[in-house]
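With these hints in hand, go ahead and build the complete structure from the sequences.
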Amino acid sequence: MDTHIVSSFDSSEFTHLTRTLSKSTVIGLDAEWKPVRSQRSTFPTVTLLQLACQIGDDSAGWDESVVFLLDLSSLPLPSIWGLIKDVLVSPDILKLGFKFKQDLIYLSSTFRAQGGNPGFDQVEPYMDITNIYKFLQHKQGKKISKDTKSLSAICEEILGLHLSKELQCSDWSHRPLTEEQIRYAAKDAHCLLGIFKIFQAKVIKEGPLCNHVNEQHQSNVSLGLKGILEMPDCENKLVGRKFCNALDIVQATASSEECERIARGVEVIRKTKPMDESLWKIVRKYGEKLFLRVSDRNPKASRRKGKRRSSVAVCEEKQLENYGDWQGPPPWDISLGGDGCPKFLCDVMVEGLAKHLRCVGVDAAVPHSRKPEPRELIDQAYKEKRVLLTRDAKLLRHQYLIKNQIYRVNNLLKNEQLLEVIEAFQLKISEDQLMSRCTKCNGRFIQKPLTVEEAIEAAKGFQKIPNCLFDKNLEFWQCMDCNQLYWELCQILQSVREPSTTMLFRSSSMSAN
5 MDTHIVSSFD SSEFTHLTRT LSKSTVIGLD AEWKPVRSQR STFPTVTLLQ LACQIGDDSA
65 GWDESVVFLL DLSSLPLPSI WGLIKDVLVS PDILKLGFKF KQDLIYLSST FRAQGGNPGF
125 DQVEPYMDIT NIYKFLQHKQ GKKISKDTKS LSAICEEILG LHLSKELQCS DWSHRPLTEE
185 QIRYAAKDAH CLLGIFKIFQ AKVIKEGPLC NHVNEQHQSN VSLGLKGILE MPDCENKLVG
245 RKFCNALDIV QATASSEECE RIARGVEVIR KTKPMDESLW KIVRKYGEKL FLRVSDRNPK
305 ASRRKGKRRS SVAVCEEKQL ENYGDWQGPP PWDISLGGDG CPKFLCDVMV EGLAKHLRCV
365 GVDAAVPHSR KPEPRELIDQ AYKEKRVLLT RDAKLLRHQY LIKNQIYRVN NLLKNEQLLE
425 VIEAFQLKIS EDQLMSRCTK CNGRFIQKPL TVEEAIEAAK GFQKIPNCLF DKNLEFWQCM
485 DCNQLYWELC QILQSVREPS TTMLFRSSSM SAN
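Under the working numbering, the residue at position 504 of the sequence shown is numbered 508, and the numbers go up by one with no gaps.
Just so you know, the hints here were simulated from the structure itself, not pulled from any lab data.
Here the structure is a predicted model, which is why all the values come from computation and not from measurement.
Don't take each hint at face value.
To be verified - List time: in silico BS3-like cross-link candidates among lysine-lysine, alpha-carbon distance up to 27 Å:
{"hint": "1", "residue 1": "K347", "residue 2": "K153"}
{"hint": "2", "residue 1": "K304", "residue 2": "K347"}
{"hint": "3", "residue 1": "K209", "residue 2": "K146"}
{"hint": "4", "residue 1": "K201", "residue 2": "K143"}
{"hint": "5", "residue 1": "K89", "residue 2": "K418"}
{"hint": "6", "residue 1": "K89", "residue 2": "K143"}
{"hint": "7", "residue 1": "K285", "residue 2": "K304"}
{"hint": "8", "residue 1": "K206", "residue 2": "K146"}
{"hint": "9", "residue 1": "K347", "residue 2": "K38"}
{"hint": "10", "residue 1": "K277", "residue 2": "K191"}
{"hint": "11", "residue 1": "K206", "residue 2": "K89"}
{"hint": "12", "residue 1": "K293", "residue 2": "K153"}
{"hint": "13", "residue 1": "K143", "residue 2": "K277"}
{"hint": "14", "residue 1": "K191", "residue 2": "K169"}
{"hint": "15", "residue 1": "K289", "residue 2": "K347"}
{"hint": "16", "residue 1": "K359", "residue 2": "K89"}
{"hint": "17", "residue 1": "K289", "residue 2": "K206"}
In structure tokens form, the structure reads like this:
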């Protein structure tokens, strides 16, 4: 994945961007902004716009695409407004997005507020990843869930790629962006091309698409240009169908130089490479038009905004805002009848932190269900005498149910979260504790290391140990609960001596066959 940051109108990256757009037929769109923590009368300001460009025809691999990160806090917005506008409405570029309407509203508001432009009110042709996912689920005979899956879950299922969303709520207005933010932003837009590529291959393989489009073409010619243009929008589910169908008429009857100019369409807007035939047919059948209404230009007032808040509610909000360091003894404190061993419960927002805690020997469990209710989390923490770790401020309102058993994690990155928890609870980590717990299931390891022969026997039918490890005189350890095998513990012990790499423990566990 080739990534470029565009922060200057006169830079070589901007020139590369304009040239790439003229060759692109599919573009993945995404935007980032600084999260708004309180109710405001204005939309958030978009500070980064991602464009993942697929160059050339459908034979090009999505992993060879180019991703541009447009730094809107540095670029002169009036100078790039026309370029972005052309991209969003060009009939020769299919735009992909994941629930992009909200992004478009914020993007349009940013340009109106800072660039003095009318903003953006439509994207066409457009396809939403949620609809593509539902199509793929239907073709596989799976039941389509009413709940919309996250982009991370869709990537995991369709592409087999893990898309971490821990940086989604980071401060995107701060400059310079971190390397982690750059990689996250590029992946967020780039994965859209991969999902569409699978969808495109599925549609082409089915075949009947061609006959459908040809039959429609003949009916369009007989209907007439005036009839096409007068068709109501509510009857058109295809992207830009009015334009596409009218273009059929022009191409079938063009006899003058002016008609040919109109028929070429894209040359009137901008010099771009036309879509290939297979992509054009997919756009005609499955494409959409993303359109903003006048009411979308202003933030919607909350229903509770007009109600006068009680003094209790105001006091509660201030307590949540001022909630900082951990106060009071944890439930495992010996003075409270505990065993002195720290135990945590990581909710879904910090689930990755559980593995890091397990690496340093801390008992860290995860919720029993995938989408637990607050009461379920509280019950589990209470019964198992654990401290509930979360980033959800709303859970702090339930502290009265389990005193000193909820802690809000402030940091976003897992490594920093681990350090925060260790410092907040004054945990003492020794070398004997390192990798004493299974990162997969939180179970304990067999007390003594396995020989190579014992590891080979234990791995039969469960794991595959690379042959290259047999000559390295490594120690093997096995979880007593899930039987997962681990090795390279010597490297892990060395890494702990460096404070900056305390959290970067590496287990080389292999996935089951």
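Structure-inconsistent hints, enumerated in ascending order = 1, 2, 5, 6, 7, 9, 11, 13, 15, 16
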